[in-house]
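Produce the complete structure using the sequences and hints provided.
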Amino acid sequence: MSSSVDLDNPTDLPDSLTDAAERAANSCYEYSKYEPLEARCRVDFDTSAGDETFPLIKTSTEFMQSFVSCLAYRYVPGLQEEKQKELQRVAEARVALQQILQQEQTTDDDDDDEFVAAIDMESKRKFMSILQNNGKIVDDDNKAEYNGPIVRVYFPDEGNAALAKRDWTSANGIDMPECVKFNGVGGVQASSQDVSKDCLIFFFCPKASESEQVEEVLYRTELQHSQSNSTQQLLTVFVNPILVDMGVTGFGMAGRMLRERLLDKLMCVYYLRTLQWGALTRKWPNSYTIWEEDTEEDGGYKLIRTLPFLPSNPEVEDIYDEVNSGKIQIDEFGNEINKKGPSALDKFGDFVNGMMRL
Numbered sequence: 001m002s003s004s005v006d007l008d009n010p011t012d013l014p015d016s017l018t019d020a021a022e023r024a025a026n027s028c029y030e031y032s033k034y035e036p037l038e039a040r041c042r043v044d045f046d047t048s049a050g051d052e053t054f055p056l057i058k059t060s061t062e063f064m065q066s067f068v069s070c071l072a073y074r075y076v077p078g079l080q081e082e083k084q085k086e087l088q089r090v091a092e093a094r095v096a097l098q099q100i101l102q103q104e105q106t107t108d109d110d111d112d113d114e115f116v117a118a119i120d121m122e123s124k125r126k127f128m129s130i131l132q133n134n135g136k137i138v139d140d141d142n143k144a145e146y147n148g149p150i151v152r153v154y155f156p157d158e159g160n161a162a163l164a165k166r167d168w169t170s171a172n173g174i175d176m177p178e179c180v181k182f183n184g185v186g187g188v189q190a191s192s193q194d195v196s197k198d199c200l201i202f203f204f205c206p207k208a209s210e211s212e213q214v215e216e217v218l219y220r221t222e223l224q225h226s227q228s229n230s231t232q233q234l235l236t237v238f239v240n241p242i243l244v245d246m247g248v249t250g251f252g253m254a255g256r257m258l259r260e261r262l263l264d265k266l267m268c269v270y271y272l273r274t275l276q277w278g279a280l281t282r283k284w285p286n287s288y289t290i291w292e293e294d295t296e297e298d299g300g301y302k303l304i305r306t307l308p309f310l311p312s313n314p315e316v317e318d319i320y321d322e323v324n325s326g327k328i329q330i331d332e333f334g335n336e337i338n339k340k341g342p343s344a345l346d347k348f349g350d351f352v353n354g355m356m357r358l
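Its first residue numbered 1, the sequence shown is counted upward by one per residue in full-length UniProt numbering.
For the record, the hints were derived by calculation from the structure and aren't laboratory data. C-beta: ideal position from N, C-alpha, C; glycine also. Treat the hints loosely; a few may be bogus.
Heads up, simulated DSS-like pairs for lysine-lysine below, C-alpha to C-alpha not over 27 Å straight-line [to be verified]:
hint: 1; residue 1: Lys207; residue 2: Lys83
hint: 2; residue 1: Lys85; residue 2: Lys207
hint: 3; residue 1: Lys197; residue 2: Lys83
hint: 4; residue 1: Lys58; residue 2: Lys207
hint: 5; residue 1: Lys207; residue 2: Lys136
hint: 6; residue 1: Lys33; residue 2: Lys197
hint: 7; residue 1: Lys83; residue 2: Lys136
hint: 8; residue 1: Lys181; residue 2: Lys85
What follows is a set of in silico ranges between Cβ atoms, one per label pair, in the way DEER data are often shown [stated by the list, open to error]:
hint: 9; residue 1: Asp12; residue 2: Met128; range: 40 to 50 Å
hint: 10; residue 1: Met128; residue 2: Glu35; range: 21 to 31 Å
hint: 11; residue 1: Asp51; residue 2: Lys302; range: 16 to 26 Å
Quick look at the structure:
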């Protein structure tokens, strides 16, 4: 799928984790415009720099929280407008509370002011509730059940889904829209619930052992979506998928068929992987770009290579060694000057490495 790569535009490194999440969300949104009613893509985010102390799902959770929130607000119709209203309510509530506090400080305490004080207390509760709920109006007696488009995040298991449902909330400082739901890919709900209103689904760190369930959930969601006659596009995003593994699917017929059915059709719209000496990144439709740490450069990194494809680990290390030893010359866009074509042995090595990194 390298035909969708703009080699004249390297990919810059993000300034922060939040910036990376916003870039990934924008890439997914822009890519969805170029696809039919059902678009599939992938996002890879790994800042461990090769440290395997913690599992990938743990080290990428904070990114995932911001990414899901950003893309939901960008993608779901009407959600961004409601967010603006909530921000306006927060600003108004802060001003109103400040006025009440100032009034309390200038009012003498006497029995004639009890009625006014009661009114002020009711107003204070109302405005404090707005602030505590980030602008959302919470009325338990008249709260209407949400009936709009659904954003669904599938975890490898029900345990992680339950933790997300508990922790990914405004109470923990996470701006997660009400339309976001959490499921385990192999749970009972995942195989039986109505998903016809789902317009955006994420598969977060799906493993090879869940590949069959992932495909079942994906195809069933796409079928229900098509049968619902919805005008809203269905966008599917795989985040850090590891669906081919020697110990589970193998690299033979099963692995090849899975690649043909699913993996090869996923456009990598955002990629960020930190290295011991730099980083590899890509924001669709720009090129894959290798950066090396350099304290003398603005931003602390210098561009050393751009590529139309995702390089394997050995390829990245070879490029680093060759650039720093002067064996290859790079132009202003990160392209190799006077590049020789790969040998048959190189192509076979690329194939094996490609299978290993899936």
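The hints, checked one at a time:
The straight-line distance between the Cα atoms of Lys207 and Lys83 is roughly 34 Å, outside the 27 Å bound, and the hint therefore fails. Of the supplied pair hints, the one linking Lys85 and Lys207 is violated, its CA atoms being roughly 39 Å apart against a limit of 27 Å. With a C-alpha separation of about 21 Å, the suggested pair Lys197 and Lys83 falls inside the 27 Å cut-off, and the hint holds. The hinted pair formed by Lys58 and Lys207 meets the criterion: a straight-line CA distance of about 14 Å does not exceed 27 Å.
Between the alpha carbons of Lys207 and Lys136 the distance comes to roughly 36 Å, so the proposed pair goes past 27 Å and is violated. Taking the CA atoms of Lys33 and Lys197, the gap is about 19 Å. The hint holds against a cut of 27 Å. Restraint check for Lys83 and Lys136: satisfied, since their Cα atoms lie roughly 9 Å apart, inside the 27 Å limit. Simply put, Lys181 and Lys85 have alpha-carbon atoms about 22 Å apart, close enough for the 27 Å limit, and the pair holds.
The given range of 40 to 50 Å is respected by Asp12 and Met128, whose C-beta atoms sit roughly 41 Å from each other. As the Cβ distance of Met128 to Glu35 is approximately 45 Å, the hint placing it in 21 to 31 Å is violated. Remark: the range hint 16 to 26 Å for Asp51 to Lys302 is upheld by a beta-carbon distance near 24 Å.
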